[in-house]
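*Asks:* Take a look at the letters that make up each chain.
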Amino acid sequence: AQKVTQAQTEISVVEKEDVTLDCVYETRDTTYYLFWYKQPPSGELVFLIRRNSFDEQNEISGRYSWNFQKSTSSFNFTITASQVVDSAVYFCALSEALFGRYGGSQGNLIFGKGTKLSVKP
Amino acid sequence: EADIYQTPRYLVIGTGKKITLECSQTMGHDKMYWYQQDPGMELHLIHYSYGVNSTEKGDLSSESTVSRIRTEHFPLTLESARPSHTSQYLCASSEWQGSNEKLFFGSGTQLSVL
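Keeping their order, the protein sequence lines are chains S and E. Residues in the first sequence are numbered consecutively from 2, following this note's numbering. Residues in the second sequence are numbered consecutively from 27, following this note's numbering.
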């Protein structure tokens, strides 16, 4: 069975601090995808990144970086120099990789419970 | 960025009422989803659709039903609402960007059943 664990329920930091959000996953699939989504107070989820299980290279996008470690089944997300606008709930998610009759290569997402990040000025 | 709309934003109703949560997207996406999210909890997939006349049940069993008569419209219906249905319902659609399937979410409907 697939499972995503985000052990940190809430994190509070002061602006300009770096913060890392942890994500640990379980899957029996050898090929899968990992995601991070941001849910600001307005409610909608915003896609941040997708990583496939073949690619363990870490990725950096501006102040965001992701550390994928297959050996520990972790896909952690770091925000550098946090800002108040980063305040949101962040969800880690997992999906199997499949090639169904409708094409495509991604199964339905399994989400973690989310980590609420509060960045104070 | 995303053109996916959910109405109503908030809904408070009494037990036993029939309700329909609306979801529309103007992006021409074939695949659409409904997720249920309890406060402080993860999102659970309750329904999805690959396109017109396609509906599938998700990972979490739900008493709700969906329909997909038009590409842009994916309403969710509860025939007889109960307090256990109190939750936030998020609609999403997806498109392929290169080799990535990207989901776009609506702002959600917060449903309270008294």
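Hints are not guaranteed to be accurate.
In silico DSS-like pairs for lysine-lysine, Cα to Cα no more than 30 Å straight-line [claimed, not checked]:
#	chain 1	residue 1	chain 2	residue 2
1	S	117	E	57
2	E	57	S	114
3	S	4	E	57
4	S	17	E	83
5	E	57	S	17
6	S	117	E	43
7	E	43	S	39
8	S	117	E	44
Hints were generated in silico from the structure; no laboratory data involved.
*Asks:* Which numbered hints are broken by the structure, listed smallest first?
*Replies:* 4, 5, 6, 7, 8
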